[in-house]
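Since each chain sits alone in its own frame, please combine them into the complex, following the hints.
Protein chains in written order, with my numbering: chain A, 1 to 42; chain B, 1001 to 1405.
Read the hints as simulated data drawn from the structure, not as lab findings.
On a predicted model such as this, the values are computed, not experimentally measured, just so you know.
There could be a bad hint or two in this list.
[As the list claims (entries may be wrong)] The following label-pair restraints were derived from C-beta to C-beta distances:
id : chain 1 : residue 1 : chain 2 : residue 2 : range
1  : B       : 1372      : A       : 27        : 26 to 34 angstroms
2  : A       : 3         : B       : 1181      : 52 to 60 angstroms
3  : B       : 1045      : A       : 28        : 25 to 33 angstroms
4  : A       : 28        : B       : 1372      : 28 to 36 angstroms
All C-beta atoms, glycine included, are put in the ideal place defined by N, C-alpha and C.
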Amino acid sequence: MTAFDYDVLVIGAGQGGLPAAHMAANVGASVALVEQGQVGGT
Amino acid sequence: MIRSAEVMHLVARRAAEFGVEIEGTVHFNLATAAARKDVIVNGIIRGIHGGLESRRKSITFIQGQARFLNDHEMDTGDGRLSFDKAIIATGARNTVPPIEGIDEVEYLTNRTALLLETLPGSMIIIGGGYVGIEFAQMYGRFGTQVTLLGRNRHLAPGEDRELSNLLADYLREEGIAVHTGTSVKSVRPQGVEKVVTALVDGAETHFRADTILLAAGRVANIDALDLTAAGVETKAQGFVQVDDQLRTSQPHVWAIGDVKGGWMFTHVATYDGPIAALNAVKGLGRTVDYRVVPRAIFSDPTLAAVGLSETEARSRGYDVVVGSAPADGARAKAIGDNRGRLKAVVDKATCQILGFHILAPHGDDLLPEAVAAMHDGGTIERISKSIHIHPTLSEMVKAAAKAAR
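Next comes chain B alone, as it looks inside the complex (with noise of 0.2 angstroms):
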């Protein structure tokens, strides 16, 4: 979908400057971008289904929602089954906000946002943060009026307020009416249209759209486990308390992914599976290595981290070097998007790579460069003198870390 969206901004915004002349006017078909999408998603379930049953003499697909009844025994909605091991992978969802006159008005998630068939003439997000940020571009640029609605003065907080700054900037000239440091008060229908009445700088301010976006905060998919059955315990925010090697506080069921709080990406679930698999049947004991986590925001250009920032860098005591680097390399200019700018914080005393931060198009393809060099503590100068096809996008991630030096 956000692909579509990239389309549909080249095409009916840029494609003149390109050479690309078009007589007539543009249209968005949201059904069509649906579907696209919708073949996309069934062939990776397809792939799924006859992944597990290629696997069906070790792997027992059960369709049911489960729930526990002691630490040994599990109920899945039509029978019940023993287990020796267990491991928790349930997720999480977007949560619902505290909202005044919330529950009086029909809102989406960012799992019905992707459902809709008809293009919704405004929408109001509220949340600034990654799904926020990634819904309002792509809307926007389908051709809704888009209004965000952000609490922290930043839009994706802990991100590198530099470049968190440029991107509203950007999201402001596409037409997105950015808005940070709000508080959401209360929401009410007004004949077709919902009204959201947040404080702005301090001022009761009124904003009007078809639709409202909930896009604030997360909360762990344990309702119906009946965790306490098996014995598992939570942390305050309803997320499953794990250990460094993803064990619960029963000693014979670990949880992995998003359903235990902290990091919570796709690749982070992934990446914890096997541990806790490993740890689970063979006992051993692997930790998890959270020092490196990648994470993007699929704007565009996209906004992709790893480690640390600048202030975080030296609030913990580091004496660090910063090599920053416009984006305006020679392939971002041929692609005709030299926006953004990347940021390489790097410790002083023994140049290793502390942070990365890219504002930038293909940001997210562009960082595993610092991520692999600094997953086994790699110094700056395996980027900066290293040889960079000239000219691609990579280039820039040079630039940045020569500027460390």
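Next up, chain A with everything else stripped away, as it sits in the complex (with noise of 0.2 angstroms):
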């Protein structure tokens, strides 16, 4: 079993973050997605 918190880390929930947490999620990892202001990007 893994040693950390989560097995992907991603930054920024933009339109290229959400998608990649989303995949990574689909192939069973866990994820914390991390965005410090609104979802979506610009």
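Right, here's the structure in full:
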């Protein structure tokens, strides 16, 4: 088992980070998605 | 907002051509247009949050500023977490060019220019690329007197010159003062106005307006991340260096979208995301394929392109045939906008499409036919010999393809 809190950390919930986080979750990873502003990007 | 500008343009300037007669004057209400935009954007944001909520067992959403503590730990503002792999997707923002006096005046960026509550009487836009062109036409159509100052000799540098020059002409016809080949020297406030001093054709020229919009250059959003702590290296311009698997200099960290520079488009970030995720989680070693990256300037008519221009293709040693057709098909005439041109750049030896360039109404929606053909190395005959619905704008794509034989 992993010694880490999360398998994958995604920094930024824009139009790149969101599909990355979803795909990582789809293939079984535990994901943390960190966003400092609004989701969706600009 | 661009749609609001289109409607305003049609109603205020062209309605009578279509038999729509308006008594009295037409006014543009920026607050209403912005509220409409907000409804759409908020709906998208709600959808995103809903999507994340439905995945909360596998995706933990954390609102906070991320900062690497080391290569496996991150501070998120109110806590720290550890991670096995990381994907950097923080994007890029408009940069503030080093112009004398820029810190002494208020200016807009592509973000804040969408938050205005009252319409500026006049606006100087610094930057003749995608953002500058789109905002110039949009605010011009809203009713603002717009001056567009581009540094390059051509608007939209990198795009087909014939098409970008045509687009500059169309913007001028709408009343936008387009100046290319300019070098902005300084800005200063003067009463309620701002004065921009620039070299235009070698002569020092002063431009005055209520507002300035900066649309020149982009910079990666990495300032707060402390990439050094994670062992992630950046390139000279501050973008994150990646290989063709989107892996950074730190082997368990990937970077996607605008933060890595190169093609800075939303659709590229969306393409990158799953590739980096699969490489991170499954170690699939998938590589990105940027041979066929479509792009569009959401002007009216729209400038949309994919692949190489004629000049680029020839400089790479291709013997090319260029099919060029005016954007004046039956549907374009019916719509009432038959300006523009479509160009297919084709490899003479193989008939493969090397590039496709469109300046036409809905050019962005016309381009994917060429994108799909190019994706698997298709020839121009896929477009030139297939049946296209009449009367549609897509017939003009076929006309350009046929002209390339």
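In this structure, is the beta-carbon distance linking residue 1372 of chain B and residue 27 of chain A contained in 26 to 34 angstroms? Distance hint for residue 1372 of chain B, residue 27 of chain A holds at roughly 27 angstroms.
Are residue 1045 of chain B and residue 28 of chain A spaced within 25 to 33 angstroms by their CB atoms? At roughly 27 angstroms between Cβ atoms, residue 28 of chain A and residue 1045 of chain B fall inside 25 to 33 angstroms, so the hint holds.
Are residue 28 of chain A and residue 1372 of chain B spaced within 28 to 36 angstroms by their CB atoms? Check passed, 32 angstroms falls within 28 to 36 angstroms.
Look at the Cβ atoms of residue 3 of chain A and residue 1181 of chain B and judge whether their distance stays inside 52 to 60 angstroms. Since the Cβ atoms of residue 3 of chain A and residue 1181 of chain B sit about 58 angstroms apart, the hinted range of 52 to 60 angstroms holds.
Hint check: no violations occur; every hint is consistent with the structure.
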